[in-house]
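Undergrad: Each chain is listed here by its residues.
There are 2 protein chains.
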Amino acid sequence: MKRAKAFLVLFGSLIFLAGCGNLQSSGLGSGSGTKSKSSVQTTGQVSDSDYQGVVRNGKYLTSKSRGLSEDQNTNGYNLKSFESGLLTVSKKQFPTNKYVFQEGQYLNKTTVTNWLARKSKDNPDGLNPASNGQTDANKRNPIYLQQLEEQDYMTQSGSKLSLGGVTIGLGMNQIDYYTKKQYGPTYQTKISNAQMVAEAKKMANEVVKRMRAKSGMSKVPITIALYEQAPNDSLVGGTFFANGTSKNGSKTISSWNSMNQKNYTLPAVSGAKSGNSSDSDAFDNFKTQIQSFFPNLSGVTAQTHYNNGTLAGMNVSINTQFYSQTEIMSFTQFIATEAEHYLPSNVPIQVTISSSEGIQSFVARDSGQKSFYTHVFGSY
Amino acid sequence: MKRAKAFLVLFGSLIFLAGCGNLQSSGLGSGSGTKSKSSVQTTGQVSDSDYQGVVRNGKYLTSKSRGLSEDQNTNGYNLKSFESGLLTVSKKQFPTNKYVFQEGQYLNKTTVTNWLARKSKDNPDGLNPASNGQTDANKRNPIYLQQLEEQDYMTQSGSKLSLGGVTIGLGMNQIDYYTKKQYGPTYQTKISNAQMVAEAKKMANEVVKRMRAKSGMSKVPITIALYEQAPNDSLVGGTFFANGTSKNGSKTISSWNSMNQKNYTLPAVSGAKSGNSSDSDAFDNFKTQIQSFFPNLSGVTAQTHYNNGTLAGMNVSINTQFYSQTEIMSFTQFIATEAEHYLPSNVPIQVTISSSEGIQSFVARDSGQKSFYTHVFGSY
Numbered sequence: 001m002k003r004a005k006a007f008l009v010l011f012g013s014l015i016f017l018a019g020c021g022n023l024q025s026s027g028l029g030s031g032s033g034t035k036s037k038s039s040v041q042t043t044g045q046v047s048d049s050d051y052q053g054v055v056r057n058g059k060y061l062t063s064k065s066r067g068l069s070e071d072q073n074t075n076g077y078n079l080k081s082f083e084s085g086l087l088t089v090s091k092k093q094f095p096t097n098k099y100v101f102q103e104g105q106y107l108n109k110t111t112v113t114n115w116l117a118r119k120s121k122d123n124p125d126g127l128n129p130a131s132n133g134q135t136d137a138n139k140r141n142p143i144y145l146q147q148l149e150e151q152d153y154m155t156q157s158g159s160k161l162s163l164g165g166v167t168i169g170l171g172m173n174q175i176d177y178y179t180k181k182q183y184g185p186t187y188q189t190k191i192s193n194a195q196m197v198a199e200a201k202k203m204a205n206e207v208v209k210r211m212r213a214k215s216g217m218s219k220v221p222i223t224i225a226l227y228e229q230a231p232n233d234s235l236v237g238g239t240f241f242a243n244g245t246s247k248n249g250s251k252t253i254s255s256w257n258s259m260n261q262k263n264y265t266l267p268a269v270s271g272a273k274s275g276n277s278s279d280s281d282a283f284d285n286f287k288t289q290i291q292s293f294f295p296n297l298s299g300v301t302a303q304t305h306y307n308n309g310t311l312a313g314m315n316v317s318i319n320t321q322f323y324s325q326t327e328i329m330s331f332t333q334f335i336a337t338e339a340e341h342y343l344p345s346n347v348p349i350q351v352t353i354s355s356s357e358g359i360q361s362f363v364a365r366d367s368g369q370k371s372f373y374t375h376v377f378g379s380y
Numbered sequence: 001m002k003r004a005k006a007f008l009v010l011f012g013s014l015i016f017l018a019g020c021g022n023l024q025s026s027g028l029g030s031g032s033g034t035k036s037k038s039s040v041q042t043t044g045q046v047s048d049s050d051y052q053g054v055v056r057n058g059k060y061l062t063s064k065s066r067g068l069s070e071d072q073n074t075n076g077y078n079l080k081s082f083e084s085g086l087l088t089v090s091k092k093q094f095p096t097n098k099y100v101f102q103e104g105q106y107l108n109k110t111t112v113t114n115w116l117a118r119k120s121k122d123n124p125d126g127l128n129p130a131s132n133g134q135t136d137a138n139k140r141n142p143i144y145l146q147q148l149e150e151q152d153y154m155t156q157s158g159s160k161l162s163l164g165g166v167t168i169g170l171g172m173n174q175i176d177y178y179t180k181k182q183y184g185p186t187y188q189t190k191i192s193n194a195q196m197v198a199e200a201k202k203m204a205n206e207v208v209k210r211m212r213a214k215s216g217m218s219k220v221p222i223t224i225a226l227y228e229q230a231p232n233d234s235l236v237g238g239t240f241f242a243n244g245t246s247k248n249g250s251k252t253i254s255s256w257n258s259m260n261q262k263n264y265t266l267p268a269v270s271g272a273k274s275g276n277s278s279d280s281d282a283f284d285n286f287k288t289q290i291q292s293f294f295p296n297l298s299g300v301t302a303q304t305h306y307n308n309g310t311l312a313g314m315n316v317s318i319n320t321q322f323y324s325q326t327e328i329m330s331f332t333q334f335i336a337t338e339a340e341h342y343l344p345s346n347v348p349i350q351v352t353i354s355s356s357e358g359i360q361s362f363v364a365r366d367s368g369q370k371s372f373y374t375h376v377f378g379s380y
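Residue numbers (this note's numbering), protein chains in the order written: chain L, 1 to 380; chain G, 1 to 380.
Hints are computed from structural coordinates only; laboratory data are not their basis. Since the structure is predicted, the reported quantities are computational estimates derived from the model, not experimental observations. C-beta: ideal position from N, C-alpha, C; glycine also. Be careful, since some hints might not be right.
Calculated cross-link-like contacts (lysine-lysine; reagent style DSBU-like; alpha-carbon spacing at most 35 Å) [to be verified]: (1) Lys109(G) <-> Lys247(G); (2) Lys370(L) <-> Lys59(G); (3) Lys80(G) <-> Lys370(L).
Label pairs and their calculated CB-CB ranges [to be verified]: (4) Gln369(L) <-> Pro295(G): 35 to 45 Å; (5) Lys181(L) <-> Asn285(G): 53 to 63 Å; (6) Ser371(G) <-> Pro267(L): 33 to 43 Å; (7) Thr88(L) <-> Asn232(G): 40 to 50 Å; (8) Gln291(L) <-> Gln182(G): 38 to 48 Å; (9) Asp125(G) <-> Glu70(L): 51 to 61 Å; (10) Pro185(L) <-> Lys370(G): 57 to 67 Å; (11) Tyr177(G) <-> Ser278(L): 49 to 59 Å; (12) Thr110(L) <-> Asn296(G): 16 to 26 Å; (13) Thr88(L) <-> Asn114(G): 52 to 62 Å; (14) Thr88(L) <-> Gln182(G): 52 to 62 Å; (15) Ser49(G) <-> Ser250(L): 57 to 67 Å.
Build the full structure now, drawing on both the sequences and the hints.
TA: Put into structure tokens, the structure is as follows:
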């Protein structure tokens with residue numbers, strides 16, 4: 001559970017205006033209040049486990065490549081899981097109590113677009129292989145790298161924020177979707193796991209080398225996290241398979257930490273993998289209990305996330321039709337009761353309860369909590 | 001803040017099957033688990049301030065007039081505020097620690113439909129006046145009563161649930177919308193406050209008289225709550241203006257408690273009433289801080305609810321466009337920080353943060369809490 005803390009830092013000035021006169025003493029002050037021109041604040045921290053973000057002149061400092069990841073992902077689940085997972089990887093290297101999160105400021109949209117494209121005479125920076133002229137699924141050079149995202153981690157010294165490190169995520173295709181002509185049918189080139197991993201690590205080293213050449217980037221730790229995109233028809237996002245950090249100005253990642261993550265959907269479709277069977281059974285029992293709560297059947301599905309073979313989280317989606325606000329309230333209480341009884345303990349669980357008009361209520365238990373928080377969206 | 005408690009009661013049997021063999025001792029057991037045929041359980045209670053609801057054979061005991069209130073309300077805000085408010089009124093008469101909530105079982109859909117219609121030769125039970133044949137807005141008899149809802153409050157004795165009282169809400173029109181012919185244009189008959197109140201109290205007594213004639217209803221307390229429907233174009237629901245309770249089998253409400261409730265929307269539109277100006281200013285300051293957080297402007301509106309001239313709650317809706325999951329996370333933290341700083345203290349506050357794809361996160365502080373709970377809807 002996350003609670004807002006009055007633990008906010010107002011930076012009277014910042015990196016670009018260091019030495020400006022009207023500095024506030026750091027570590028105090030509020031995220032809001034009167035702000036001088038060109039001031040930096042942070043978003044405030046509502047939980048020790050979340051980063052504060054950088055706000056400048058009352059505006060969020062958006063990514064220099066804003067919107068690109070959205071364009072690159074046909075499957076929206078990939079976008080959410082890629083970015084959330086990148087934060088999780090970063091927290092080990094850049095702890096939330098020492099670093100402030102900043103959207104990537106070193107790679108702009110043009111740069112990232114060029115890097116994601118094929119290498120060519122016009123685009124020498126392309127990280128994906130040059131076209132070999134083939135269009136056959138098994139003969140062409142596929143697009144290995146689908147998305148790339150930079151996240152900056154800032155340290156605070158007095159009233160200044162300065163770059164403390166960078167994390168870059170590389171989203172790799174297991175399937176490259178392509179067309180032979182514009183608006184033509186979509187074909188697929190499958191990429192073997194071995195080849196995907198090899199290409200990812202090679203590209204990671206190239207990325208580190210290029211980052212080292214940028215101003216201010218010669219010494220800071222650079223973490224690269226490698227992500228396998230889920231197929232376009234997947235109902236869960238992809239997963240991270242490795243990360244490594246270049247330290248002390250090294251231009252390569254010398255050792256990789258492998259990451260064993262899996263995402264599944266429940267209920268298990270016959271023949272499909274669904275993770276640990278006891279977790280899947282727990283979900284099935286929960287589903288059975290609640291599905292027939294109303295005369296009209298409720299739709300109940302879940303996403304599960306595994307880390308090293310152990311359940312690390314479950315998101316349950318329930319869709320049903322409600323005829324009154326009291327039905328929503330009663331159903332929500334019932335869900336909280338049944339979730340506590342049936343769903344796996346000791347992992348974060350999120351249950352959203354929706355009608356055709358959108359989310360009506362939700363029930364959640366965060367990591368480390370024993371009981372569920374419930375909220376019914378109200379209206380006056 | 002609401003937390004699930006393992007405070008559930010499993011009734012092995014119930015009113016309709018009292019005396020059945022497989023009773024569980026009351027006050028223990030769980031809301032779930034194996035259930036015998038025809039068993040009654042409750043939804044479980046996640047907060048002392050909420051009622052448990054009645055579940056029979058694993059199914060929610062839905063209202064006998066289910067769906068009717070939905071049909072009667074062109075403005076969905078009226079439905080939500082009417083039903084939520086009815087619960088609030090009931091809590092004074094039927095405390096949540098002594099009573100279990102049951103959707104109305106004594107008035108079925110046909111009965112309520114007839115009561116809501118005009119009195120006529122074919123429908124002698126109509127509570128609305130007979131037509132006088134006029135179609136002119138100021139000459140016709142308007143429809144005073146727009147919706148009627150029954151809520152039952154059950155007491156538990158051992159393993160039995162029995163009726164402990166009933167609350168009936170009457171939703172009264174301040175404007176009656178009508179057409180002169182099918183599919184024709186809509187006209188309005190305005191109803192004065194004095195007349196609305198007089199009609200409501202007269203109908204309330206008629207309703208009490210009719211309820212007393214029903215089996216099992218001769219002695220239980222019957223609370224009637226009178227609600228003024230908001231106009232169809234309102235962005236907030238209506239409010240309750242009086243309630244009264246018939247006790248000891250009385251066939252009338254002998255005294256009425258007047259209720260002074262107001263709902264407003266913010267930001268205040270020039271010329272429109274907006275409640276207490278300091279609350280409205282607080283909202284305006286909050287809005288100013290967050291509206292320009294992103295380069296694209298966020299839409300920020302609120303509903304406020306007043307009881308006896310004092311702010312009793314605020315629901316804020318924020319709509320903006322996000323380009324990444326990290327933007328959603330940062331914005332949510334910022335909202336929690338600014339809400340704590342700017343929004344009125346000591347009242348329940350709900351802030352929903354939505355994009356074109358629906359709710360992305362929310363921030364809420366329940367009654368009696370000091371800090372905000374935040375949740376970003378995640379996906380694996």
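Undergrad: For which of the previously enumerated hints does the structure constitute a violation, in increasing order of number?
TA: Per hint list: zero violations.
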